[in-house]
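S.K.: Residue-level listing of the chains:
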Amino acid sequence: MTVCFEDVTVGDDVPKLDKGPIMDIELVRYAGAVGDFNPIHTVPKVAQFVGLEGIIAHGMMIMAYAGQMLTAWAGPNSMRRFKARFSGMTRPGEAVVCQASVLELFEEDGEARASGRFTVKGKDDASLKLKGEFTVALPRRSR
Amino acid sequence: MGADVVDLAHKGKKLPSFSYTIEFQKVREFLIAIGEPDPVLTGEPVVIPPTFAATFPFWGGEGWEATFERIGVQVWNILHAEQEYEYFLPLKVGDTVTSDTHIADIYTKKLSGGELEFVLFETEYTNQDGHRVLIDRSLVIVRG
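So the sequence lines, in the order shown, correspond to chains L and Y.
At position 6 of the first sequence the residue is numbered 5 (numbering that gives the first Met the number 0), and the sequence of numbers has no breaks.
At position 49 of the second sequence the residue is numbered 48 (numbering that gives the first Met the number 0), and the sequence of numbers has no breaks.
Hints listed in this document are in silico derivations from the structure and should not be mistaken for laboratory results.
The model shown is predicted, which means the values in this text are computed figures rather than measured ones.
Where a beta carbon is used, it is the ideal one built from N, C-alpha and C, also for glycine.
Mixed in with the good hints there might be a few duds.
[Unchecked claim] Listed below are several chain Y residues computed to face chain L (Cβ distance under 10 Å; list not exhaustive):
| id | residue |
| --- | --- |
| 1 | GLU35 |
| 2 | PHE51 |
| 3 | ALA80 |
| 4 | TYR84 |
| 5 | ARG136 |
[What the hints assert, rightly or not] Cross-link-like lysine-lysine pairs, in silico, BS3-like; alpha carbons within 30 Å at most:
| id | chain 1 | residue 1 | chain 2 | residue 2 |
| --- | --- | --- | --- | --- |
| 6 | L | LYS82 | Y | LYS12 |
| 7 | Y | LYS12 | L | LYS120 |
| 8 | L | LYS130 | Y | LYS10 |
| 9 | L | LYS130 | Y | LYS108 |
| 10 | L | LYS82 | Y | LYS13 |
| 11 | L | LYS122 | L | LYS82 |
| 12 | Y | LYS108 | L | LYS120 |
| 13 | L | LYS130 | Y | LYS91 |
| 14 | Y | LYS25 | L | LYS15 |
| 15 | L | LYS130 | Y | LYS25 |
Take the sequences, apply the hints, and build the full model.
M.R.: In structure tokens, the structure reads:
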């Protein structure tokens with residue numbers, strides 16, 4: 000069940016989402032799904048050659064996880080704005096935690112909306128993978 | 000590899016427009032890739048996830064490898080710095096989106112280790128009815 004606007008308070012945390020550990024093959028699968036075959040995500044030799052010490056996950060795959068957390072909470076097609084800054088690399092074998100909290104509740108374009116910030120961090124070392132801002136439209140409780 | 004430097008003259012440049020039709024199997028593949036249940040097994044209606052638009056430049060357009068070649072950069076020398084989407088209408092399977100992309104900015108930032116160059120691509124997508132559905136802002140670091 001997704002949340003209703005009336006049930007949300009500024010400062011609320013969105014239910015967090017655990018992902019991973021991320022397997023090498025998931026990077027290959029995501030590369031095919033998105034069509035981004037930059038070899039730094041799938042070919043260890045290239046990643047080494049450009050100084051990355053091994054393949055790294057697509058930042059967009061990690062952002063997708065944050066999107067899963069937010070739409071699980073706010074509902075399908077609820078996203079109005081979604082922005083991420085990629086801060087750290089995610090490597091195969093790592094597990095990550097997505098977290099978000101609500102900073103503002105408002106009306107815009109005839110919709111009830113919530114905006115806030117989110118992070119994705121490494122589960123073991125709390126290293127920041129990405130942080131960002133979101134705005135979602137929330138359903139109103141039927142009267 | 001050598002350093003790739005982006006000519007500031009590319010600022011404002013438009014990229015070729017493309018159209019892309021959202022297909023069920025492509026959405027399904029994306030959902031499975033990010034760990035969502037397979038919609039064929041669940042029988043649930045497919046919802047397009049917020050970052051599915053990341054597929055558009057690759058499966059609809061020429062892809063980043065070709066795009067960065069246009070500005071003299073090898074794709075393995077870039078890192079994704081920021082990504083922003085603004086959503087105006089929900090996307091659904093069967094929609095056809097058409098792109099309008101330009102290089103919105105090129106700038107350098109001085110850091111302790113040297114200079115980093117940033118390139119910002121901005122794309123507006125319209126649907127088959129001519130309505131704006133999405134704005135995509137992709138900020139990329141060129142590793143010198």
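S.K.: For LYS108(Y) and LYS120(L), compute the direct alpha-carbon distance and say whether it is at most 30 Å.
M.R.: Judged against 30 Å, a Cα distance of about 25 Å means the pair holds.
S.K.: Hinted pair, alpha-carbon criterion (30 Å max): LYS25(Y), LYS15(L). Please report holds or violated.
M.R.: 27 Å, holds
S.K.: Report holds or violated for the interface hint on TYR84(Y), using the least CB-CB distance to chain L and a cut-off of 10 Å.
M.R.: 5 Å, holds
S.K.: LYS82(L) and LYS12(Y) were given as a pair; does the straight-line alpha-carbon distance stay at or below 30 Å?
M.R.: 24 Å, holds
S.K.: Given the hinted pair LYS130(L) and LYS10(Y), is their Cα-Cα distance within 30 Å?
M.R.: This hinted pair holds, its Cα atoms lying about 27 Å apart.
S.K.: Close enough to count: is the Cβ of PHE51(Y) nearer than 10 Å to one in chain L?
M.R.: With a minimum Cβ separation of about 8 Å from chain L (threshold 10 Å), the hint on PHE51(Y) holds.
S.K.: Given the proposed pairing of LYS130(L) with LYS91(Y), does the C-alpha separation stay at or below 30 Å?
M.R.: 27 Å, holds
S.K.: Against the 30 Å threshold, does the CA-CA distance of LYS122(L) and LYS82(L) hold or violate the hint?
M.R.: 22 Å, holds
S.K.: Please verify whether LYS82(L) and LYS13(Y) have alpha carbons no more than 30 Å apart.
M.R.: The hint holds at about 23 Å.
S.K.: Next item in the hint list is GLU35(Y). Is there a CB on chain L closer than 10 Å to its CB?
M.R.: 7 Å, holds
S.K.: Under the criterion that the straight-line Cα-Cα distance not exceed 30 Å, is the pair LYS130(L), LYS25(Y) satisfied?
M.R.: 27 Å, holds
S.K.: Under 10 Å, Cβ to Cβ, is where ALA80(Y) needs to be relative to chain L, so tell me if that hint holds or is violated.
M.R.: 6 Å, holds
Comparing the model with each numbered hint stated earlier shows that hint 7 is the single one that does not hold.
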